[in-house]
Amino acid sequence: MPGLGTWLAAFFTLCMLSFLYKDNPFFRVAESFFAGLSLGYYIGIVANQTLKPNLVLPLIQDFSANWNLVFAGGLGLMLYFRYIKKVAWVSRWALAVYVGYYVGVNMMQKLHGEVIPQVGDTMLSLSYSGIDTLWNVVMVAGVLSVLVYFYFSAEHKGAVGGISRLGIWFLMVSFGAAFGYTVMGRISLLIGRMVFLVNEWARPLIEAVI
Amino acid sequence: MNLDRLMQIDRRIIYLFVAAGTILPIIFLLGLPVSTTPPVRMAFERIENQLEKGDVVLVSFDYGPSSAPENDPMADAILRHCFAKGIKVVVIALYPLGGLSEAIEELNKVAAEFPELEYGVDYVNLGYKDGAQAAMRKMNESFKEVFPLDVNGTPFDEIPMMRDIENYGDVKLVATLATGIIGEWWANLVNAQFGLPVIVGPTAVSAPKYYAYLEARQMVGLLGGLKGASEYERLVMDKYPRLAELYATPGLYTATKGMDVQSIVHLIMIAFILFGNLVYFTQKRKPRAAK
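Protein chains in written order, with the working numbering: chain A, 135 to 344; chain B, 1492 to 1782.
Please note that the accuracy of each hint is not assured.
Here are some of the chain B residues that sit facing chain A, going by a computed Cβ distance under 7 angstroms [to be verified]:
no. : residue
1   : I1514
2   : G1671
3   : L1680
4   : Y1744
5   : V1752
6   : V1756
7   : I1759
Because the hints were derived from the structure by calculation, they are not lab data. Note that the Cβ used here is the ideal one computed from N, Cα and C, for glycine as well.
The task is simple: from the sequences and hints, build the whole structure.
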């Protein structure tokens, strides 16, 4: 016989799937449970896995070696000043530090990790060297025509319009591939739930009853 | 046949077909063949041919239960491959909503299949850390500062295998099982700035964008969705008979079994698309004929 946890999981799974028939109170209850549980889980995991080992314990166990963590913890606390109207402006200071840090990280990350290697990988040899040359031509033509499609400072007429239309074809092919993958992804999620319902809930239940 | 009625078919009828196409292959296994593709072979061969016994692989659980049916089989296959080859595994989680739970559950499940391995010596779970990008950057300087305790609360210095691991320089490869953007960060931050080879196992939804990173050699392998996971399972089963026996265990959910369902559901969807178009164009012609 399935345990209580399995019964609960099966109940909530069926509640969520009931939306396929039509919106109903069971679906809404399950949806609210999911949102509440997710938030509770997130708070618990951040407290136990980040705040405790990386902030609280180092400060308690060896303050002199970790005193600089006071600033990090202070910045985190400052964010909550937004709930006190008179000193709400203090939270913006902390936010400014976070935004500044992540802008800096992202700027380098985008440039170093995306723009430069991706542009570099598009600079392909078009001199004949077998079948690879054909793919290189397709790649270069695809990149250039899609860039032209997104170039809005010239009217898309004549040669620009033709290249732009070619860009649309490349985009449509990529959207088709992405859609195919998306269908597979969504079906995978359905498979996961159905495998659970069949193998972990229904099968043991039927075996116990029979 | 009244085609007007077919054009108005209730979408819930289609759901019933999809449900039947999903449930029946789960009960009656088909065992359809799985062919492998270069991105997955690259990932497998990287671990199989370029890593040696005792090397360290970082496995990052960057997904939650919402994409577990896709990412779990990838994680299991990579962990089983590493353990079968004697590679040491450091597990972390950077995805907030369930990454840690997945890491604990999958690592415990796979580790139980290898009773000869010892926690803290052959594998370790360092737990979850918030602020993924910041954690990834800091790990290049010191794993210990990011993960002072493992998931059980054991201090970093008391974990035998972590004594030799200070930063990315002591790790041969990172394999991230990812939903959302965290997988991309391993490629465009960690690989780009610190040179650590990266294998990504993304959900199918986000798989297409990873091909750009793979083409640009910012990744050394890609397992796209359930199909990628099933290919990896095929490769490890072909190479390791012990794992082939394991994957044949009745009741064990595998990506290979999941792909049976995928194939049937895709056939149902293709049939509905063809049928819908057929009815649509037949209906479109009728008024012209009447005129």
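So, going through the hints one by one against the coordinates:
| no. | hint | in the structure |
| --- | --- | --- |
| 1 | I1514 | holds, 6 angstroms |
| 2 | G1671 | violated, 12 angstroms |
| 3 | L1680 | holds, 5 angstroms |
| 4 | Y1744 | holds, 5 angstroms |
| 5 | V1752 | holds, 5 angstroms |
| 6 | V1756 | holds, 5 angstroms |
| 7 | I1759 | violated, 10 angstroms |
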